[in-house]
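Reconstruct the complex from the two isolated chains, following the hints.
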Amino acid sequence: MPVRVHLDEMLYRRRMTLTDLSEAVGITLANLSILKTGKAKAVRFSTLEAICRALDCQPGDILTWVEGPAEEGDEE
Amino acid sequence: MRDGSRLVRWGERVLRWLVIANFAFGVIAVLCLAASFPGEAMLAAQLVRKYGAGAPVMTLVWELRAMLLLGAVAVWPIDRCLRPLADVARSVRRGEPFDPANAVRVMTIGWGLLGVQLLDLALGLLTGLIAHSGADVAGWQPSLAGWICVPVAFVLARVFAAGARMRDDLEGTV
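Chains A and B are the protein sequences, given in the same order. Sequential numbering of the first sequence, starting at 1, is according to the numbering used here. Sequential numbering of the second sequence, starting at 77, is according to the numbering used here.
It should be emphasised that the hints constitute simulated quantities derived from the structure, not laboratory data. Keep in mind that this is a model prediction, so the values were computed, not measured. For glycine and all other residues, C-beta sits at the position ideal for the given N, C-alpha and C. A couple of the hints might just be wrong.
Cβ-Cβ distance ranges computed for the label pairs, FRET-style [as the list claims (entries may be wrong)]:
id, chain 1, residue 1, chain 2, residue 2, range
1, A, Ala30, B, Leu197, 48 to 56 Å
2, A, Ala70, B, Glu247, 19 to 27 Å
3, B, Trp86, A, Ala30, 33 to 41 Å
4, A, Ala42, B, Leu194, 42 to 50 Å
5, A, Pro2, B, Ala97, 56 to 64 Å
6, A, Asp61, B, Ala221, 58 to 66 Å
7, B, Arg234, A, Pro2, 16 to 24 Å
A short list of chain A residues far from chain B (calculated; beta carbon distances all over 12 Å) [unchecked claim]:
id, residue
8, Pro2
9, Arg13
10, Arg14
11, Ala24
12, Val43
13, Gln58
14, Thr64
15, Glu67
One chain only, chain B, in its complex shape (with noise of 0.2 Å):
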C-alpha cells in the first residue's frame, strides 16, 4: 500500500521547513540574548524613552532575556514535536503507518508537547511579572487545548505499538 496523497507529501515538507524555520528562531534568540549584554544600555535607554525614568529598567531588562532564554530553551521540545512528526508523515507516504519505529516517534512527540507545555506555563509566569513591572506585554492564557494533546499522544504512542504488533503478526498470517 503506497499512500501517494499530495497532502501528506506537502504536510511533510512543510514540517521540514518548520523544524529548519524553528532552529533559525533559537538561533536569533540566542544572538539577540548575546547582544543584550554588550548592548544593555542601549536597550536601557530605549525602556527608559518608552516608560519614563521611573520604571525598572534593569528588571525589565532581565526579564526580556529571559523571554529571549525561553524562547531559545523552546526550540528543543519544538524539535522534538516537528521532526518526528515529520518522519510520521514519511513513514504515511511510503505506505507504512504501523512502522514500529512510529510508536516511538509520537511517544518523543508527547513528551515534546509536555516540554512546551511547560514552557509554556514559564512564558505565563514571566507575563506576569513583566507587567508587573509596568510594560506592555501580550496577554497569555493557560492553553486547555495544548494539555489535552500531551495524553493525546501519549495514548496514541500505545495505538501506533498495538497496530505495529498486529501488522507483524498480520505480515506472517497465512
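So here's chain A without its partners, still in its complex pose (with noise of 0.2 Å):
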C-alpha cells in the first residue's frame, strides 16, 4: 500500500514535536511513532480526527497515496 504519512512534515510546519502531539491527542507516543514511520496497518477516524484538529490541517496533508506495487499483505 503506497500510502505515504506527512507527519513529519505537518509537525515541522506546525513547530510541534510528537510528544506535543501525543499530549494533544491523547495517543501514545508509541503509537504515533509508528504512524509517522509507516508501520501503522490502519488508521481510525478518531487519531485521524483528533490529529487533524491538533494539527489544524485536512488528512490529505497528513496522508498521500502515490503509484507503486502493493506492499505484502495487502488486499488484491
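Here it is as C-alpha cells:
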C-alpha cells in the first residue's frame, strides 16, 4: 500500500514535536511513532480527526497515495 | 490485559494433573493387558468361578483384553484434548486468548474429541459382544453431547483463527 504519511512535515510546519502532538490528541507516543514511520496497518477515523484538529489540517495533508507496487499483506 | 482469575489458574492445574492421570491410566491398562497373558489361567479360573463352566471363558478373556487395549489407545486422543486445553487456559491466564497457536490447539482438541467418540463407538460394540457372551457389563449408550462437541471444537478453532487475525490487525491500528 503506497500510502505515505507526512506527519513529520506537518509537525515541522506547526513547530510541534511528536510529544506535543501525543499530549494534544491523547495517543501514546509509541502509536504516533508507528504512524509517523509508516508502520501502521490502519488508522482510526477518531485518530485522524484528533490529529487534524490538533495540527489544523486536512487528512490529505497527512496521508497521500502514490503509485507503486502493493506491499505484502495488502488485499488485492 | 492479564486475566489472573483463580478459576483459570486452577483449571489449568487440574488439566495438567489430568494429563498425568490419563498417562498413568494408560500405563496401568498396558500393564494389565501384558499381565493377562501370563495370568491367563488364573483369569479364566476366576471367570469360570463367576459364570460357571458353560461360559465362553476364552472369548471373555479376549474381550477383556480388547477392553484394556481400548483403554490404552484412548490415552492418546484424551491427551490431545487435555494438553492443548491446558495450554489454552495458560494463554488465557497470560491475557493472550487470541494467540494464533490457540486456533491450532482447539483444532487439535477437535480431532482428539473425534478420536474419543470413535473409540466410544468401538467400546459400544465391545460392550455388546461382552453382554452377548453372558458377562456382567455396564450399559453403553451413544454420547450425543460428545458428538456435538466435535463440530463445536472445529467451529471454535475457526473463531480463534479469525480472532487472532483481528488481533493482528488491531495491533497495527493507530
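Evaluation of the provided hints:
About 55 Å separates the C-beta atoms of A:Ala30 and B:Leu197, a value consistent with the hinted range of 48 to 56 Å. Range check, A:Ala70 to B:Glu247: Cβ separation about 20 Å, and the 19 to 27 Å hint holds. Checked against the hint of 33 to 41 Å, the pair B:Trp86 and A:Ala30 passes, with Cβ atoms roughly 35 Å apart. Between A:Ala42 and B:Leu194, the C-beta spacing of about 44 Å keeps the proposed range 42 to 50 Å intact.
The supplied range of 56 to 64 Å is met by A:Pro2 and B:Ala97, whose beta-carbon atoms lie about 58 Å from each other. Hint check: A:Asp61 to B:Ala221, Cβ distance near 60 Å, so the stated range 58 to 66 Å holds. The given range of 16 to 24 Å is broken by B:Arg234 and A:Pro2, whose C-beta atoms sit roughly 33 Å from each other. Distance check for A:Pro2 against chain B: the nearest CB is about 17 Å away, which clears 12 Å, and the non-interface claim stands.
Consistency note on A:Arg13: stated as away from chain B, and its beta-carbon is indeed over 12 Å from all of that chain's, at 21 Å minimum. Its beta-carbon lying about 19 Å from the closest one in chain B, A:Arg14 satisfies the requirement of being farther than 12 Å from that chain. For A:Ala24, the condition that its CB be more than 12 Å from all CB atoms of chain B holds, with the nearest at approximately 15 Å. A Cβ of chain B approaches the Cβ of A:Val43 within 12 Å, the least distance being about 5 Å, so the stated non-interface status is violated.
No Cβ of chain B comes within 12 Å of the Cβ of A:Gln58; the nearest lies about 18 Å off, and the non-interface call holds. No beta-carbon of chain B is positioned within 12 Å of the beta-carbon of A:Thr64; the least distance is around 17 Å. Non-interface call for A:Glu67 relative to chain B: holds, since the shortest CB-CB distance, roughly 23 Å, exceeds 12 Å.
Comparing the model with each numbered hint stated earlier shows that hints 7 and 12 do not hold.
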